[in-house]
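Let the sequences and hints guide you as you build the complete structure.
Number of protein chains: 4
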Amino acid sequence: MTDVLKVGIVGAGGYTGAELVRVVHAHPRLELAYVAARDNAGKRLGDVLPSTLGAPEIANQVLENFEPEAARALAGRLDVVFAGLPHGTSAAVCGALLDQGLQVVDLSADFRLKDLETYERTYGKHPRPELLERAVYGLAELHRAELAGARLIASPGCYPTSAILPLAPLLRAGLVEPRGMIVDSKSGVSGAGRKPGPATHFAESAEGIRPYKVAGRHRHTPEIEQELGLAAGAKLNVVFTPHLCPMTRGILTVAYARRKDGVSVEQCREAAQNAYTTPLVTVLEEGRLPDTLWVRGSACAQLAYEVDENNDMVLAMCAIDNLARGASVQAVQALNVSRGWNDGLGLPVLGQFP
Amino acid sequence: MTDVLKVGIVGAGGYTGAELVRVVHAHPRLELAYVAARDNAGKRLGDVLPSTLGAPEIANQVLENFEPEAARALAGRLDVVFAGLPHGTSAAVCGALLDQGLQVVDLSADFRLKDLETYERTYGKHPRPELLERAVYGLAELHRAELAGARLIASPGCYPTSAILPLAPLLRAGLVEPRGMIVDSKSGVSGAGRKPGPATHFAESAEGIRPYKVAGRHRHTPEIEQELGLAAGAKLNVVFTPHLCPMTRGILTVAYARRKDGVSVEQCREAAQNAYTTPLVTVLEEGRLPDTLWVRGSACAQLAYEVDENNDMVLAMCAIDNLARGASVQAVQALNVSRGWNDGLGLPVLGQFP
Amino acid sequence: MTDVLKVGIVGAGGYTGAELVRVVHAHPRLELAYVAARDNAGKRLGDVLPSTLGAPEIANQVLENFEPEAARALAGRLDVVFAGLPHGTSAAVCGALLDQGLQVVDLSADFRLKDLETYERTYGKHPRPELLERAVYGLAELHRAELAGARLIASPGCYPTSAILPLAPLLRAGLVEPRGMIVDSKSGVSGAGRKPGPATHFAESAEGIRPYKVAGRHRHTPEIEQELGLAAGAKLNVVFTPHLCPMTRGILTVAYARRKDGVSVEQCREAAQNAYTTPLVTVLEEGRLPDTLWVRGSACAQLAYEVDENNDMVLAMCAIDNLARGASVQAVQALNVSRGWNDGLGLPVLGQFP
Amino acid sequence: MTDVLKVGIVGAGGYTGAELVRVVHAHPRLELAYVAARDNAGKRLGDVLPSTLGAPEIANQVLENFEPEAARALAGRLDVVFAGLPHGTSAAVCGALLDQGLQVVDLSADFRLKDLETYERTYGKHPRPELLERAVYGLAELHRAELAGARLIASPGCYPTSAILPLAPLLRAGLVEPRGMIVDSKSGVSGAGRKPGPATHFAESAEGIRPYKVAGRHRHTPEIEQELGLAAGAKLNVVFTPHLCPMTRGILTVAYARRKDGVSVEQCREAAQNAYTTPLVTVLEEGRLPDTLWVRGSACAQLAYEVDENNDMVLAMCAIDNLARGASVQAVQALNVSRGWNDGLGLPVLGQFP
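Sequence lines, in order, name chains A, B, C and D. One gets this note's numbering by counting positions in the first sequence from 1 and adding 14 to each. One gets this note's numbering by counting positions in the second sequence from 1 and adding 14 to each. One gets this note's numbering by counting positions in the third sequence from 1 and adding 14 to each. One gets this note's numbering by counting positions in the fourth sequence from 1 and adding 14 to each.
Hints are computed from structural coordinates only; laboratory data are not their basis. There may be inaccurate statements among the hints.
Same chains, same names: a pair is fine if it fits in one copy or spans any two.
As the list claims (entries may be wrong) - Below are the BS3-like pairs computed for lysine-lysine, each with C-alpha atoms no more than 25 Å apart in a straight line:
1. Lys57 <-> Lys274
2. Lys128 <-> Lys274
3. Lys227 <-> Lys139
4. Lys209 <-> Lys227
5. Lys274 <-> Lys227
6. Lys57 <-> Lys227
7. Lys249 <-> Lys274
8. Lys209 <-> Lys249
9. Lys57 <-> Lys139
10. Lys227 <-> Lys128
11. Lys249 <-> Lys57
Here it is in structure tokens:
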């Protein structure tokens, strides 16, 4: 219990950065020792995130302008770095840090896809393709063994987390058809990042819900397919429909999968309960459906299942906080598991309600 | 152009009532002559709906306590009555008014379902079953001929409107499989009505999106099935998933239907364009997806189609304002058509943006 | 009743532009004949404002790139132009149109301040100072006589409208001390305009209310002081505190003024009722306080008064829709009055509730 | 560091109860050992607050129906009880617990007012007036010495917290006139409690800001006056204007006080910095104004000052989270101080942003 890891955050000025700061600060075995953010380099963290002003030891840290060449200087100073950078940029940064012996948790998409061709079709040229095989997909519930001791963790995307958690147990248990599954997801506006644009203007977000990048055009589609394919034991495709919903945080996913003969809702629920034994995934009791409000700020995912008997369809539902379980808190959960600690060590497990 | 109809609204104190008042007031051939609301009887409309205070001739009308026995007294005074009452209650009221020779537009579910057994399984005993065959389902785009001269109009439900408009043309044209369609709908909180309850508390609605009454439990399911069955020419079932979304107005529906061999998105769009020739339904151009914000307060529905080639799935999407196109404005549209007027006469066709 | 004015809107792609389009379209004596918007020139209005798609005669109009030199070409085509441009830019445009004999309603600040020095201290160099004396401040309730036949109307700012309407009658009637009045105003986010920025990001606007440009730094301060000074018959200063509030539309102002000896709330209410005789300003009855929700989308302002007996303070309160009564609808009201029509001709007088 | 206090919460099913559960759970020296809630007695906490499902040791606790007679049974089991009950009811409960030797932190108004007559004029008959003198007003920054060892703590109201923190230092330092101060406050909807009603319906709260109980009618007025009177060293009155603002959490207060001769903004800021030496109150730097979003979920209050030179007026501003700093987190802060611990021990000091 004596060791405390020195933590760096590269990309600390955005929403996932803010959430990382909050979680690292509350964690008994992590200490924030370095923050970087290109656009705000030279400012104090408290200027960019006034939410930190109540903790002067955090707020007074000065944001640095991290370049990959500077990785060497961090070698002795830090134990682990969280990278919250755009894809493409992130791989080079993570690679440089890894080369210096630092443990890296990457919140971008750069190391999530195992197949280089799929990556490059989706995101463009990969700067460090040789690292793909060393990366572990950081969904602790599904990759626990691989995470032990992992030095490069690819923290899952927000939408994929909300789709994989409810569907993987059904596929593993052979309860649903792996073909033709539909993933209908609704995300809060913070998922679009901190940079302002027309789609995130309050006056054009409030009172409006809209689908976007439907029919396979969203880049999270292959990530969902990879992990659900692993669970099913065979390649598969999904129909993925993301929506922007007028709220700040949260993702609600309702996934539709054709049930195999006579499968009951109890079987679905049991499969999930057996798959998830830590309290960070809750399988809701019969009659209760998930709500993003109940997991706001929390490490927990809430799952529920229903069967539409007239249509032989299983509804697999999941609510998470996109910035917490869907990004920063999950990244720390993966670190916890990589270090042999409890999944939930130091994490917010209660939602902030209301 | 000389005639003006005298209009009554029974149930004027709720949200659909408020929207009816707004639309009737702006309509060049309708004059609000009678308002009733049980809970607020004796108050002036302006006390219950201070949004009307800018029109004293409206605001100063006193809400009466309408009972079916009072129908006779309205016989000479009114031409048409809109009833915005709970199902079960509404049928008796509408029947009494109809018996007195008044034209009735019912916004409840009481006359929407053609099959008595389905009605009673869904809603309970029907007080005036003999009227079912006289009622016309008030979706003008699909029942134009029947609406001409109709004396009893059953104005469609909000969710059904958003599901039927995008799917009916595909089914009529035989472009999609009628079996196993999924209707995933997200509604604003006003859809739950004006009576306060835990689910509509601001603090428990903001920042939360949640599914409810899934897997066939929502009462709008048979209504959707009836109308889509008519379009398909055969009985069918749908998976219907309603959600409560943190906004006041609007419904966004994304429906999923398996395409028939090689059907293209252009074919889907064309089918809809051919089906809908008034400007009250807009089929969006390629690359644009619907947004509830764009139809706020408007009579218009916005439709869009996409095909997921990897999964042979058609996405049929629709945005409406649940209180306007999904209820009160659509009710006046149906009246317009019943009188031989243009669909859009006097209706708000521009959305209130932002 | 035969004439219809041909209307142009310069700056049609922003929020006040959108609201102008909505109001002009509904007006029986105005016809939208020309739209311009620099950033979106060449696009159809329906591409920039999909809320107009239900009215193809509007949506299909192509946005032009208006430059002052082009004013001559509009001379014969249009009767009146509404300019929704940034201050500084607007004066040159309005001047060029005026030079061609067009009537101009300017929604910018360029012609609101009568005193050139105050203008230039607040906004910078004025491009057409010689026009200041020709401009009429377009608050119809206070400048009715001057508006008759006016060719250059300076439509009031949103905050000033909400401050002047409740306070002017008290000052005119000598019921309150003109010194040291406080105007505490809360505006919806649309008041910040359509251009995205950090302050209007949904994730940083929802769940946050914040004051900004307090203590005399907001440019609407001298405008409020000018008009209240006119009402009081002497120069005065006010403490003006604007806030950004997590809603799209609306301004609520609570103003505090020291009452003169023994003034009662009834005297305040009476002064306002006597001052405002059209239904576009409602003085609420005792016991009711204004709410921005009740005037959403409406031409109406709702006023209320209270007296704090322990502190000899009058509270003068006002709710308006910042884009409607606070900008575009009020601009058309001023045009109505300039033409000798009723204030409310063609305007939305009912709020869109909820 | 060995001792852990056993904590009970009476009234655990409401919003302040939920927030207490969250804070107690995260606190290293508190252990939740008892929960009661009249309306939900017999249910598990996880049924009433599904936000707790990620912590089964919390979620599985069964809510009891606490009656004052049951206090004896708690005597040995608990060290401290937080009471989140309506005023009037609370005093009897707190008294019974106190009689059994338990430490009590009361979140109601029952023990906040020192003057019985003022209490009874405001709230009605007091059930245990003899306890008033034993109660300590739990604003740690102002009553630190009295809190040491206190057995009955009256945790401050949300509005008073936001008014007293920014104004007290100015009054103590004699920088402003104590007469005629104005407190204009805007609260999130959660401040109205969990019980649903018309004023908290999402559809009637979103897009609306409204003042209520103005001109001395809000019950928090005498509480503000008591504490500011103590700071000023003389009785005083304030004009207090509360508003309901369309957000879930947060209170922003802008208070206006007439400055004494030549007082500068730097003097105001210094007075506050000297008064508040823990990081739980942040005096913002020049040029930055408070925002409720920055303190969401946090123990911290953010203060700012401005001087309006033209009007000799000081603006004293404060943002807090009404449920956190304005209620439950502050209650635990007071307990911390009563036990000799650091103010911020175990408390959330970072805001949850965004």
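Flag every earlier hint the structure violates by its number, smallest first.
1, 2, 8, 9, 11
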